[in-house]
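Student: Sequence:
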Amino acid sequence: PETCGRICPETCANSCALGHRGDAIAISWLKRYIADRIPFDSYKQILKADGATVTGKKVAIVGAGPAGLAIAYYLRVAGVESTIFEMMPAGGGMMRYGIPEYRMPKTLLDQEVGFVENLDGVTVKYNTTIGKDITMAQLKKEYDAVVVTVGSWKATGLGVKGDELARGGIVFLEQIALAGWKGADPGRTVVVGGGNTAMDCVRTSVRLGSTDVTCLYRRTRNEMPAQDIEITEAMEEGVNFRFLSAPVGLEKKDGRILLTLIDMELGEPDKSGRRRPQPIEGSESTMEVDTVIAAIGQSTVAPDGVSVNKWGNLTYDPETNLVEDNVFTAGDCATGPATVIEAVGHAKRTAESITQFLAK
Numbered sequence: 001p002e003t004c005g006r007i008c009p010e011t012c013a014n015s016c017a018l019g020h021r022g023d024a025i026a027i028s029w030l031k032r033y034i035a036d037r038i039p040f041d042s043y044k045q046i047l048k049a050d051g052a053t054v055t056g057k058k059v060a061i062v063g064a065g066p067a068g069l070a071i072a073y074y075l076r077v078a079g080v081e082s083t084i085f086e087m088m089p090a091g092g093g094m095m096r097y098g099i100p101e102y103r104m105p106k107t108l109l110d111q112e113v114g115f116v117e118n119l120d121g122v123t124v125k126y127n128t129t130i131g132k133d134i135t136m137a138q139l140k141k142e143y144d145a146v147v148v149t150v151g152s153w154k155a156t157g158l159g160v161k162g163d164e165l166a167r168g169g170i171v172f173l174e175q176i177a178l179a180g181w182k183g184a185d186p187g188r189t190v191v192v193g194g195g196n197t198a199m200d201c202v203r204t205s206v207r208l209g210s211t212d213v214t215c216l217y218r219r220t221r222n223e224m225p226a227q228d229i230e231i232t233e234a235m236e237e238g239v240n241f242r243f244l245s246a247p248v249g250l251e252k253k254d255g256r257i258l259l260t261l262i263d264m265e266l267g268e269p270d271k272s273g274r275r276r277p278q279p280i281e282g283s284e285s286t287m288e289v290d291t292v293i294a295a296i297g298q299s300t301v302a303p304d305g306v307s308v309n310k311w312g313n314l315t316y317d318p319e320t321n322l323v324e325d326n327v328f329t330a331g332d333c334a335t336g337p338a339t340v341i342e343a344v345g346h347a348k349r350t351a352e353s354i355t356q357f358l359a360k
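The numbering of the sequence shown is the working numbering, which starts it at 1 and goes up by one.
By construction, these hints were calculated from the structure, which means they are not laboratory data.
From the three backbone atoms N, C-alpha and C, an ideal C-beta is built for every residue, glycine too.
Hints are supplied without guarantee of correctness; some may be wrong.
As the list claims (entries may be wrong) - Listed next, with one range per pair, are the computed distances between beta-carbon atoms:
1. ASP120 - SER272: 40 to 50 Å
2. GLU142 - ASP317: 17 to 27 Å
3. THR315 - PRO9: 35 to 45 Å
4. GLU265 - GLY114: 24 to 34 Å
5. SER42 - GLY157: 15 to 25 Å
6. SER15 - GLY131: 41 to 51 Å
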């Protein structure tokens, strides 16, 4: 509850009747207000799952992010024991390593992760990598079912000359998280992208001490996929926004990065419904910066032995979330990068499918 109250995307606001006459109900703020004022033990009583009759079935869950933790909870409600295998030293996935401390206090996250960790019938093995410490083949053999919830942690490159000089957005946030949300001043920084990860990167850069942070986006603010409040707060914190601009090359220059840009204009709508950006010939310009961060997307690095589609996400039956044999999936590694709310919802449906599968 405390997590959702802080990072809820408020998708219901688009259909809110009050929104037609003014502002929609601020549902995330209401969630946060209530969650922050009710003792966490009260939620533990409401969500208690330990009383379910144990079925004797056991499930391996790969990943302790939002989807993996949710599946462990819902399976325990159904009387199914599970073991979570997580490569990182702590649970929470993207909530811990991809969402900055100022948005998601880790003391609150520890409470919610700890609730699942402490359920009878749930075992968590941290610092355990599939393919290195244990294989998918072993999991399929030793457990009645396996569910892959590894998230999408591979940053998408800029696809231009010299893009190896740019840091991946999600990699940048993960490194700062592992350092306790501390790090060196990144200097003059440019973040490429217009989503929530890009906003997290620019606002984190400000908190690390940078006084010159620019968000580079190839469309206009109206097309930015980030939540409006994130954009507004970034602007209030002094982040510069350069719209209708895109990188076309990076190169080293005297210990810094020479970033070449080109102006864009909007053409016809693409498949997303947003107008397609097109480069304006002869409009190139350059910037000398210290850090370039590419926050334009993420993809999945799937465990060996499972099938994936052309985007790297697991292929699965959308009705049951079954990948193959006794292997299921849930969360970003199946759907592509989405929200915590969507990951938990997908996980709940997967848990229901696994329960039915084990009952056969």
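Student: A separate judgement is required for each hint: does it hold in the structure or not?
Tutor: Against the structure, the hints:
A hinted range of 40 to 50 Å holds for the C-beta pair ASP120 and SER272, which are about 45 Å apart. For GLU142 and ASP317, the hinted distance range of 17 to 27 Å is satisfied, since their beta carbons lie about 23 Å from each other. Distance hint check for THR315 and PRO9: the Cβ-Cβ separation is about 26 Å, which falls outside the suggested range of 35 to 45 Å. Between GLU265 and GLY114 the beta carbon distance is about 51 Å. The supplied range of 24 to 34 Å is therefore violated.
Separated by about 46 Å at the C-beta atoms, SER42 and GLY157 break the suggested range of 15 to 25 Å. Range check, SER15 to GLY131: about 43 Å between beta-carbon atoms, so the 41 to 51 Å window is met.
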